[in-house]
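Trainee: So the protein lines, in turn, are chains A and B.
Just so you know, we're using our numbering here: the first sequence kicks off at 11 and counts up by one.
Just so you know, we're using our numbering here: the second sequence kicks off at 752 and counts up by one.
Where hints are given, some of them may not hold.
[To be verified] For the chain A half of the interface with chain B, some residues (derived, Cβ under 8 Å), not all of them:
#1 A72
#2 L74
#3 N151
#4 S154
#5 N169
#6 Y237
Bear in mind the hints are in silico, worked out from the structure with no lab data behind them.
In this text, all values refer to a predicted model and were calculated from it rather than measured experimentally.
By construction, the Cβ of each residue, glycine as well, lies at the ideal position given by its N, Cα and C atoms.
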Amino acid sequence: MEQNGRIDHSIISLEHVSKRFESAGRVKEVVNDVSLEVKENEFVVLFGPGQCGKTTMINLIAGLEPASGGTVTVDGKKVEGPGADRGVVYQTTALFPFCTVMGNVEFGPKSRGIDKKTRRERAQYFINLVGLEGFEKSYPNQLSGGMRQRVGIARAYCNDPKVMLMDEPFGHLDAQTRYMMEEELEKIWQKEKRTVVFVTNNIEEAIYLADRIILLTNCPTSIKEEYIVDLPRPRSYVDPEFLKLRKTILDNTEETL
Amino acid sequence: MKKHFVGEKAEKTVYAILAIATFFLAWAFITTFTAAGETTPGPVEVLKLLVDSFFEPIGRFTLYGHLYYSIRRVLVGYVVAAVLGIIVGIAMGTSRYAEAIIKPIFELIRPIPPIAWIPLVILWFGVGELPKYAIIFIGSFTNVTLNAYTGAQRVDPTLIGCAKMLGTSDRDIFLRVVLPSSLPQIFAGMQVALSTAWMAVLAAEMIGAQEGCGWIILRGSDTTNIPLVLVGMVVIGVVGLLLATIMRMAERRLCSWNRMDV
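Just chain A, same shape as in the assembly (with noise of 0.2 Å):
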């Protein structure tokens, strides 16, 4: 693509982002100068200690709050508020709790328009991926959590936004459906292929998943490090390579205050 004289392949652009919070008087500075370029169909994972602004930093490309400085772009358009060309998929999941699941997957395209057969089948695709089958009816009250996450993944696959926002989607879960959760996503993502940008703070997570991790300094946070893992999929949490990679990225993180 060719914009502004230069070649761009990135379908996410941050230029020189900050945040700044205000409140009672007192600045808060959460996001100190960011640029960064994810590209079309890379899996990219902000890795950063707790509190340091990842949260911030996917509100900022979603839209949900405008930036205090700096352009965010998103397939070539300027971020000024939310909008379907980017899905989210939130740690609280998120749901909407007085719908079914297939209320709730169907839930983008119904208000983009799009008529009731085409809707429910394109639904019915992503419950059946996230491995939901039989579950259409219910609501996210009878779910597990695990289940409901996967809800959630579907929702925002549903409605074909261009990029992926997810929130640490799996935060909230115990450490065995993690695991399955992270191996599940993976697999919808290598079938769906979808950029995505993903927010932890769980290293084997980042690692297992991301083609690209950023990783990110505390509060006023900025990029410190960048990692390509160029490890073949599907990862093995005990491979050697894996291992090192993770010494190496937490040898530089900083510890949370």
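We have chain A already, so just place chain B on it with the hints.
Mentor: Chain B in isolation, oriented as in the chain A frame:
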């Protein structure tokens, strides 16, 4: 997860029947064996008059006619109050300006009992059916509005953000997120409002009525026919209970997602 067994439900029904039976026995006992019986009729007398009034007219109608008029008045006033109350309440809950403008007026008008509005309502609407609807409306509007307001205020902002990210228009966010999110709270308000609407039937039928359950009480009071007063009271109580039950069933259906034991 809580589980409801059929046995538990049957048990509850048995207790309910026992409680009501005890109430009637106590009533019968007090009116038979104490001085209260000289002024107050016992349950047998009242129930007999109640059954009779289904066949023998009180004033212009039998009890069926009175029930018809009262229920019609309550439903008309109540439905208008519910629809307007939900709209105003949600507007208050979602818009800072609507809240700032409407809420103070509301808090001011809220404590005024429906009965106090009678003179004004007669001046505005005369003595036909309209002022009666108006009194019922006044009696139920505040409860619906305040609950819808609370419900809309408590909508999880993440859900609204999420709907926006999915490309949902503001109108759809209102209809498909804010409204259903507030529904349990709205129902709680509608439940209370139905009771207060039905309570206001007496005040409503003080306005030139010739029929209705409230009117039966007024008629009994005017003619010192205490059994008739009690018939009116029992009818209002029973109908109120039935209306509340119907509301609860509707809520169960519409808010099934809000319960764990579906």
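Trainee: If a hint holds in the structure, say so; if it does not, say that too.
Mentor: Taking the hints in turn, this is what the structure says about them:
no.	hint	verdict
1	A72	holds (6 Å)
2	L74	holds (5 Å)
3	N151	holds (6 Å)
4	S154	violated (12 Å)
5	N169	holds (5 Å)
6	Y237	violated (29 Å)
Comparing the model with each numbered hint stated earlier shows that hints 4, 6 do not hold.
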